[in-house]
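Engineer: Line by line, the protein sequences give chains A and B.
Position one of the first sequence corresponds to residue 36 (our numbering), numbered consecutively onward.
Position one of the second sequence corresponds to residue 1416 (our numbering), numbered consecutively onward.
One or more of the hints may lead you astray.
Some chain B residues close to chain A (C-beta under 8 angstroms, calculated; not the full set) [to be verified]:
hint	residue
1	Ala1437
2	Ser1449
3	Phe1450
4	Gly1459
5	Leu1542
These are calculated hints, taken from the structure and not from any lab test.
Where is the CB? At the ideal position from N, CA and C, for every residue including glycine.
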Amino acid sequence: MNTKEKSQLKVMTGNAAAAVGATLARPDVVAAYPITPQTEVIEKLSEFHANGELDAELITVEGENSAMNAVMAASLAGGRVFTATSSWGLVFMYDAVLTAAGARAPIVMVNVNRETPGILAVSCGQQDMISTRDCGWIFLIAEDCQDIIDSVIMAYRLAEDYDIQVPVMVHYDGFYLSYLSEVVDVPTQENVDKFLSVLNDQPQRTILTPGEQIGCGSHGILDGYVELRYKHCLALERAKDKIDIIDKEFEDIFGRSYGGQIEEYKLDDADIVLIGSGSMCGTIRTVIDDRRDKGLKVGLLKLRMYRPFPSEKLTKALKGKKAVGVVDRSIAFGFKGGPIYTELKAFSEDMKDTKLVSFIDGIANTDITKNNINKMIDMTCDLAEGKDVPEVTWISYAPQQGGE
Amino acid sequence: MSEVRFHGRGGQGVVTTSKILASAFSRIGKYGASFPMFGFERRGAPVTAFGRFSSKPVREKTQIYEPDILVVLDPSQKDSPEIFKGLVQNSIMLINDPDDDPGITNKNLSKLGFLDANKIALETIGLAIPNTCIVGAFASLTGLLGFEPIAEGLSDYFSGKKLEVNITCAKRGFDEVKVINF
């Protein structure tokens, strides 16, 4: 049943969308610490808590590490939880992020992508996502404000699914999305309750109860450790099909689909493909429309799920394409190419003759402009035609400004 | 699609200006998307914001390099060549300026709107925050939308007495903006 007409159109920022999405999921416990560009998420949640819209225990913590430990404990006790962070905050909760994954605590967190410590930059970049990619969490990446609110709601279905029980991080670009004001179709509480009600019909997950002796992934050596890790990896594999199913059920109720693991835009007959993620995809779509008008068969493959890495979907969609340019808004230290490019390359055998090239752009708020995207498409075309194209290009790096 | 670039300083309500306009355009069935660019959040620091307003959904998520409308909330920036960068032909500029003659000439401008928005804001709201006055002036100067959607857009951000005085402030901007045609 689609009761979409009852939903409300509202102009809001990406941060507000995250707070509204979390509130609609009716969490029991929220604990978070403010950091630019995520601060507004906490401000909004506090506002909703104060006016009664958010009926949750709101814990004011003294830092991100406490935030993650608080929501982890509440999650392991059986509660539905939410937290939000960014960059330095994510790094400051790093040990707890790892522990939450090991304990299989079904936490939902938004991470507002910002450059990481090393060089102080209050600016957009996915380096914080990359710095935690091997923590064992599920990663979803949102493209706009609507995607943020919808992905937060879907994240609960994924994290708390009995077959999954893995924490989910919803990433969205700082500045470009956190402060972007645009119209959002706010789902009704009734429909969100209905969408999440499936979780009430499954077996009760193992929870910690005061007075009872039980361990949740807290210790393990030799066989015990191996078993926990093996099962964690299986759960991540299951999450691939699960997000596709969740996306379909979301579409049935709310009338919007994000393709599950990946989204294809004008990809079917495309010879040339760009792979992107997050806010850059909107701009890429407009450039693709321009280039298609001029006769170039180019398409976009949007990576929506980054962990687990949707290798099967990617290789199936890219097989037979002439050339693929992978746009990374982060770097892989010690590798020449960007992180997503480097990972995709591990599957090049499955894509036979499809050529791959790496583009790094958008780091520290360098704008991924239409000109930059056109340049990437041109270089990918050159690669398809067999011309000599560097394996990796830092699109916005100008040696004359900073020296070699 | 109109591409609007906003220039101001932290505390002047640059970000809210672009947000209110996005709300106002949504009231007339159009699409708006706006976002600011700044580093640390602090008063007095230069802030640039970008707004795109269109009859179709806005997909671009980039900064604006070739604006057709400039909105300047901080008069001290009017001599900075930076704010005019990329301005396309036949463009419109709106500036918060206490001078009777802003003395702005740019070959690409077809229309200049100016008013002392700080003074109007002080008289109506009691604070020298020019943003809602500028939003009202924007509507009448550009002709892109009437005053009603502006008043409705303001209700997304203010309520009660605050909403009332801000609507008065915006209406004075709408009515009192002075226009020079080039």
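Engineer: Evaluate each hint against the coordinates.
Structural biologist: Results of checking the hints against the structure:
1. A cut of 8 angstroms between beta carbons decides the hint on B/Ala1437: the least distance to chain A is about 5 angstroms, and the hint holds.
2. Interface hint at B/Ser1449: satisfied, since its Cβ lies 5 angstroms from the closest Cβ of chain A, which is below the 8 angstroms cut-off.
3. At a threshold of 8 angstroms, the smallest CB-CB gap from B/Phe1450 to chain A is about 4 angstroms, leaving the interface hint in force.
4. Contact between B/Gly1459 and chain A, as hinted, is not supported at the beta carbon level, the nearest pair being about 16 angstroms apart and thus beyond 8 angstroms.
5. This hint is violated: B/Leu1542 has a C-beta 21 angstroms from the nearest C-beta of chain A, more than the 8 angstroms allowed.
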